[in-house]
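Residue numbers (this note's numbering), protein chains in the order written: chain R, 9 to 440; chain U, 32 to 324; chain X, 17 to 301.
A couple of the hints might just be wrong.
[Unchecked claim] Partial list, computed: chain R residues near chain X (C-beta under 7 Å): (1) Gln70; (2) Pro73; (3) Ser221.
[To be verified] Label-pair restraints from in silico Cβ distances: (4) X/Phe139 <-> R/Ala413: 35 to 43 Å; (5) R/Leu330 <-> X/Leu113: 33 to 41 Å; (6) X/Leu142 <-> U/Gly135: 50 to 58 Å; (7) X/Leu277 <-> R/Tyr322: 26 to 34 Å; (8) U/Gln314 <-> X/Ile193: 55 to 63 Å; (9) X/Leu277 <-> U/His81: 44 to 52 Å.
Calculated directly from the structure, the hints in this document are not laboratory data. For clarity, every value in this text was computed on a predicted model and none was experimentally measured. In this text, a Cβ means the ideal position worked out from N, Cα and C, and glycines have one as well.
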Amino acid sequence: MKAVLSRAVRVAVLGAVIVVCAGCAHTPCGLTVWAIGSEAGALERMVPGFEASRPGVLVCVQQLPWSSAQVRLLSAVAAGDPPDVAQVGDTDLATLVALHALRPEPRIAGDFFPAALRVARFDGVSYGVPWYIDTRLLFYLPGILRRAGFARPARTWSGWVKQMRAVQRILHRGQYALLAPTNEAEFLEVLALQEPAPMLRDGGRYGNFASASFRRALSFYRSLYAQHLAPRISNRQLINLWWEMARGDFVFYVSGPWNIGEFRHFLPPHDQDLWMTAPMPGPDGPGVSTIGGSDFVIFRASAHAELARQFIRYMLADKQQLRLYELTGDLPARRGVWHLPPLAANTKLRAFRAQLNRVRPFIAIPEWNEIMSGMRRMAARVAAGDASVRGATRRFDRTVDGWLAARRELLAHAPPSNAASAARRTRPSEAR
Amino acid sequence: MTGRRPSGVLFVLPALVLLVVFVFIPLVGVLGLSLTNLDLYSLANTANLHAIGAENYLHLLRDRRAWQALAATLAVVVVGVPATLVLSLISALMIESIAERWRGLFRTALFVPVVCSTVAIAIGWRYLLNTRFGLVNHLLRVLGLGAPNWLGNPHLAIIAITIVVVWKGFGYGMIIVAAARREIPEELYEAARIEGAGVRQRLLRITVPMLAPTLGLLALLDVSGYWQLFAEPYVLTRGGPLGSTTSLLLLMYDRGFLWWRWGAASAIAVVLTAMMWMFAWAQRHARADWRGE
Amino acid sequence: MPEPTGVASDMGVPTRMARAGAYLGLAALAAVTLFPLLWMASIALMSAPQAAAGTPPLWPQHPTLANIINVISQQHIGTYFFNSLVVATATTVLSVLVAGSAGYALAHVGFRGRRVVSGLMVFGVLIPTQALVLPLFEMFREVHLVNHYAALVLPVAANPVGILLVQAYMRGIPAEILDAARIDGASEWRIFRSVAVPLMAPILAAVSVLVFVVSWNEFMWPMIAMQQENMQTLPVALAAIDREHYQNIGLMAAAATITMLPMVCVFVASQRYYLRSVIAGSLTG
C-alpha cells in the first residue's frame, strides 16, 4: 500500500508540474492564422517566405478540418477568442458578417473573378479577399464513355441521361454510371441552380422549394436513383474514391477542383488519362454551376490588422497563387494567374475555366448552411422513395420558414443597412 | 460515529463547490436557456434576446426530427440494454465456470473494448461494416447471405449502431455480474440439486433472482450511458441515413453548435434529462417491487 | 471470498461438456471483441496499396511504419497526445484529491448537512452531464477559459461516482482506528493525511485508473471546449482527421490505434485496481 501511495504522490506532483509548464509555454504569435484542410498545410509551407521578409514576426498557422471549420470559427468568435486571419469558406462568410466578427476590408485591387468578389460583398461592403475559387462540374471516364459510343459528355440533361443509360448497360454488377453521394448537397444544389426560380424568395425571408423550378430539379435528381444510374450511398461508404473511379465503379461524378490534385495523388501517372473534366450539362443547354472557394478575412478583434493585410497581400501575389495551385490544386482567384504556364497547360482545367464563366452565386444568409443540410435530408428521403416531390418540398418550405422566422423578425425591425439583413440577389453571372 | 466537527465541511467543500458550479448551476442554466430564443442573432446582439416561455418545447412537439431522434435513442436503449445485460450475464457465468487460471485472460479480452476510445472504435467498425469492401459483408457473401447496406439503410444503420454499442459495453457488466455471482452461496445450488432441480430451473430460480439487484443496477447504468448516445452515430453515420441514427444528444449538438439555436437545443437537453430521471425513477420502483415480493 | 466449488453449477452439472461449451463460447466472444482492435492495428502497419485495395487483408504483407510516421509527422499527433496526457493526468490528480477528502468525510467525519451532501452526490450520478454542455460553454466563455486545459479538467474534477466509491470503501473501515487518533489529540487534517489516506490507498488507486481512462476517452465536451487545433485531445483530433481523411484507411487505422493503445496498456497494467473500482462502483448502488 505504501508503495502504491508514494507512486500516486509522485504521479500527482509530475502531473501538476506538467500542467503548470504547459500553461507557461505559450509561444507569442505575431499573427495567428486559421486555415482549413489541405490549404492549411500549403499555407504552412508558404509562411516562411513571409516571415523572412519581416524579421521577428512569427506566424502561427492552425489547421481546421473542413466539416467543423464553421463550428470552430463561430464558437471562437462567440468565445471572444478568434484568430487574426482566417480562411473562410464562402458559405460561412454570411454568418460571421451577421455576428459583426469581421473587419470590413477596403476593396482589394486585383484581377479577381467578378463572381468571387460579389460573394464576399454584403450591402456594398467587402468582408473577405478571395483566395481561391471553385465550382462544381463533371469528372468522368472518357474511355468508358467512348466504349458506350459517345465522344464527349452531353450538354443537356436528356442527353446526359441517355449517355448514363448506355454506360450503365456496359458496366459490371455493382458499378454505376453516376456517383451522387446522398450526404452531399452540392449536386442537387447545382441542379437547382439551372432553373430560373431561386431557392428562397422575398429577399431570403421564405423558402421557395415548392416552386416548379425546384421540383423539376428534384424530380430529375430522384430519377437518377430510381433508374439505378446512381447507388444510394453516402461518401462515407467510399474506401478510396479515386481508385474506385479509375476501376470503373463510377463513370460520372459532380465535384470540385480539389479532386484534380487527389486524382493526381492517388493514381499512378499512366492512369492519369483515365479521367477527364467537363462543364455541367443544363436542362436544355450548357449548364451553370455554383461559385465557391475561400476568402481571407481579418477579425475585428485582431490587434494586428496591418500585418494581417500585408500577409494577405503576400499570399495573393502571382508566385504564391501558383504555389497554392501546385500544392493543393486550388484554383487561383486572380484571373491573371490562369494565363501562367502551369495552369494554362493543364487540359483538365479547361472545363473549369469555361464553367467559371457560367456560375450563379448562392444565397448568402447565415441560415444557408442549415437550409442546405435540410435540403440534403429532404432529397435523400425523396430519393429513397419515402416521400413525394410535391409533399416533401411543401413540408420543407414550412421547415425553412420556421428557421427563417428569427431573420424575418430582425429584418422587420432593423434598418436595411444592418449587415445581417444583407440578402444577395441571386442572379446568373451571365445572361441566359 | 465521531463528534460533530466543523472541519468535516472543509473536506467536502471542494467537491461541493465543483459540483454546484459545474453541474447544478448548468442544470438550472440549461432550463433557463430553453425558455429563451437565444440564437445567432441574439448572440451577436443581446437586444434580440427574449424570454419566449414554452415555445421551444411546443416546437419540439411538432418537430419530426425531434420525434425521430427520440425514437432512434429509445430504440438503442430498448434493444441495446437487454442485449447488453444478456451478454454480460452469459459471459459472466461462463467466466465463472472455467478454470481459475484462464479467467484473467478472457476477462481482459472481453473487457478491452470498454477502455478504448469510442471514436477510434467507431472508425474501425465503419470499415468493417462497409457495404462493398467491409469484412462483415465479405464474410456474409462467402456464407451466401447477401451484402446488406449496413450504414446506408435507415433500418440497418440503427441496428449497426446498437451492435457497436453493445459490443463496447457488455464487458463492463460482465465484471460486475461475475463478482455478484461469486457472492451467491454454493449451498443454494447444492440444495436445489438434491431436490432434483434441473439446469434451467437452477438458472431461473437461483442465479437470475439472486443477481436481480445487480442486473437492475446495471440496467440503470446502461440506460444512462446509452441514453447519452453521441460518439457512435457521430463517427459512424453522422446521424444519417435519412436522420435514422440521429440521437437526441446529436440533435442537440447540431442545433446548438452547428446552427446556433441555443434555446431550441437547450429544450432538447431538458427533455433528455427529464426522461433519464423518469427511467431512474422507474428502475427504483421496479427494484422496490422486486424486493417487496 | 470463497471460490464456488461446483464449477458451472448454475449452468448444469459440472460436466466436461458444459465446461467445454463455456471455453468455446468465451473464445468466440473474445474473438469478436479483439478482432476489430487487432485488425485496426494490422491495417496501420500495411502499405498504402494493400490497405486501399478493396477489403484490406488480415495481415500486412510487408509491415511498414509509413502510416504511423505519417500520422505523427503530418497530423501533429504528438501535440494531441501531450494534451490528452496533461488533461487526463490533471483530471485524475484533482479528482482523486477531491473524491478522497469528500468520500472520507462523508463516511467518517460528522458534520451538519452530511446527509444532504450525500444525497446530492447520488443525485449527481443521475445527471446526464453531456446535456449540460451549452450552459457550460457559456460559463467558460464568460471567464475566457475556452481553449484552456482548465475547461476540460474542472467540470469533471468532482466525480460523484468516485466520491461514492471512496465513501462506500471507507464505511467498511472501523471508525475505532480513526477515533484512536482523535483521542490522541491529532488534528482532523493530520488524521486524514497520516491515517485515512494510507487506508484509502487501494480505492484511490482504483478511482484514479477509472478517472484516467474516462478522461482520456471523453469526446463531446472536449470537442466543444477546445476549438484551437493545438489544444485538442486525441479522440477529438481523431474525429477531425477522420472527417478529412476517412478515405485513407491506413492513416485512419494508425491514428485510431495510437489513440487506443495507451488505454489498453494502462488497463492491462492496472487491471487489478481498475476492475476493483468497477466492481466497487456497482456495490454502492
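Each hint, compared with the structure:
no.	hint	in the structure
1	Gln70	holds (5 Å)
2	Pro73	holds (4 Å)
3	Ser221	violated (33 Å)
4	X/Phe139 <-> R/Ala413: 35 to 43 Å	holds (37 Å)
5	R/Leu330 <-> X/Leu113: 33 to 41 Å	violated (57 Å)
6	X/Leu142 <-> U/Gly135: 50 to 58 Å	violated (33 Å)
7	X/Leu277 <-> R/Tyr322: 26 to 34 Å	violated (42 Å)
8	U/Gln314 <-> X/Ile193: 55 to 63 Å	violated (36 Å)
9	X/Leu277 <-> U/His81: 44 to 52 Å	holds (50 Å)
Checked against the numbered hints above, the structure violates hints 3, 5, 6, 7 and 8; every other hint is satisfied.
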